[in-house]
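Asks: Residues per chain, in single letters:
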Amino acid sequence: MTDVIHELDTRRLLCPMPVIKTQNKVRTLATGDCLRVISTDPGSLNDIPAWCRINGHEVLETGEQGHEVYVLLRVGEDNGALF
Amino acid sequence: MTEATQPIQRRAIALVSGGLDSMLAVKVMQEQGIEVEGVNFFTGFCVEGHTHAIRKKDKDKDKRNNALWVAEQLGIKMHIIDISEEYKDVVLNPKHGYGANLNPCLDCKIFMVNQATLMINKAREFAGDRGFDFIVTGEVIGQRPKSQRKETMPIISQESGADDRLLRPLCARNLPPTLPEREGWVNREALFDFSGRNRKPQMALAKHFGLDDFAQPAGGCCFLTDESYSNKLADLWKARNERRYELDDIMLLKVGRHLRPEPHYKLIISREEGENRFLEGYRYMFTSITTVSCPGPLALVDGNLESEEEVSQAAAIVARYSKGRVLDEVTLEVRQADGVARQVTVKPAQPDDVPLAWNVG
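First to last, the protein sequences are chains A and B.
In case it helps, UniProt numbering puts the first sequence at residues 1 to 83.
In case it helps, UniProt numbering puts the second sequence at residues 1 to 361.
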């Protein structure tokens, strides 16, 4: 069982805004923190995990609840900030 | 080799749109041992996935973000940056004018390279040797009529502030050597001399690299190159009597059927369930109209209904696009942004009641 520490609501936003919001939120988090992103853009189910894979974050779970989708991730060692 | 004599690992920021050209440009750099990170700018007008995410007819299409997908294929990091607010000035006041529609392509490219230049300057300040040495784009001379002409290439380099730190690997040999070439960070002879609209060289290079899946080339990645979209944006400015927009405005231009029965109001009518759900999210900002007595669309009223006649007119138009279009009467709910709602019953508009001229896009 994973403790969800942070939650990010990206409902109503369309690609790529859920990814941008996720990226910006992750940059404020520490390694090992977990983040649950909720979205109404079904593309988020592909894009956020892809973004995680590229940037070294772990996708713990993805799923759908009605018209919403969610991605649970754990922040990797490099939070992706450029500087 | 001792640590002291090891060559410095050169690093580049690449503008990655998600299309083939920028993908190839990155690959060419990687082949030369350059470490590349990607940057993708979100202007608000990006075609990326928006419609796919909403409409049923596109439900079987990939809903991938192409820039992310490219980054994953190439094994590079990707920074997606929201520049939608700063980008307004590019759209509203393009120094170099528009293309065939409201596309400010040359100003856009200058702006994006400038943003990348600011990024590498800042990165160098903070990260020193772990900063970036130059910028890479997938531009090809003659590929685009406005931003990729031979005369405009130096304008982009100069006005963006990137100067000779801007390298276009796909057409570099048609241009004067840049700093990375002169310094020997990259081998100019291993760069390319592509030009023109013929995409066979890119296709051949993709094949050489074993790349067989990529976003359709030359399909356009910006709604501003689309005539219908540009017409809707021009209509918005005309109706408001000023050239301005918010992010929500330009998002809504991508969705639904847009009809303007009167200069002071426009209806945005959903075409299917997915658009219904999308427009639902805007009901707290607009008066909305939806059918009660039969299945039908959700419509947003952008502007004001100034009389009971206009309320009936708008309701009749919405009813026209409902399952009750052939009935004598349809009941609809007209709900204000604050949630106050009332019902009206109208005869659905007939085809001749909705002139083509009302269609703004």
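Since the hints were made in silico from the structure, they are not lab data.
Some hints could be false.
25 Å max Cα-Cα, derived DSS-like pairs, lysine-lysine [to be verified]: (1) B:K150 - A:K21; (2) B:K200 - B:K238; (3) B:K150 - B:K77; (4) B:K254 - B:K88; (5) A:K25 - B:K77; (6) B:K122 - B:K150; (7) B:K254 - B:K323; (8) B:K88 - B:K238; (9) A:K21 - B:K88; (10) B:K77 - B:K122; (11) B:K77 - B:K207; (12) B:K122 - A:K21; (13) A:K25 - B:K122; (14) B:K254 - A:K21.
Asks: With reference to the structure, classify each hint as holding or not holding.
Replies: Hints versus structure:
no. : hint            : in the structure
1   : B:K150 - A:K21  : violated (38 Å)
2   : B:K200 - B:K238 : violated (42 Å)
3   : B:K150 - B:K77  : violated (31 Å)
4   : B:K254 - B:K88  : holds (17 Å)
5   : A:K25 - B:K77   : holds (17 Å)
6   : B:K122 - B:K150 : violated (30 Å)
7   : B:K254 - B:K323 : holds (24 Å)
8   : B:K88 - B:K238  : holds (17 Å)
9   : A:K21 - B:K88   : holds (20 Å)
10  : B:K77 - B:K122  : holds (18 Å)
11  : B:K77 - B:K207  : holds (23 Å)
12  : B:K122 - A:K21  : holds (22 Å)
13  : A:K25 - B:K122  : holds (21 Å)
14  : B:K254 - A:K21  : holds (21 Å)
Of the hints listed earlier, those the structure fails to meet are numbers 1, 2, 3 and 6, in rising order.
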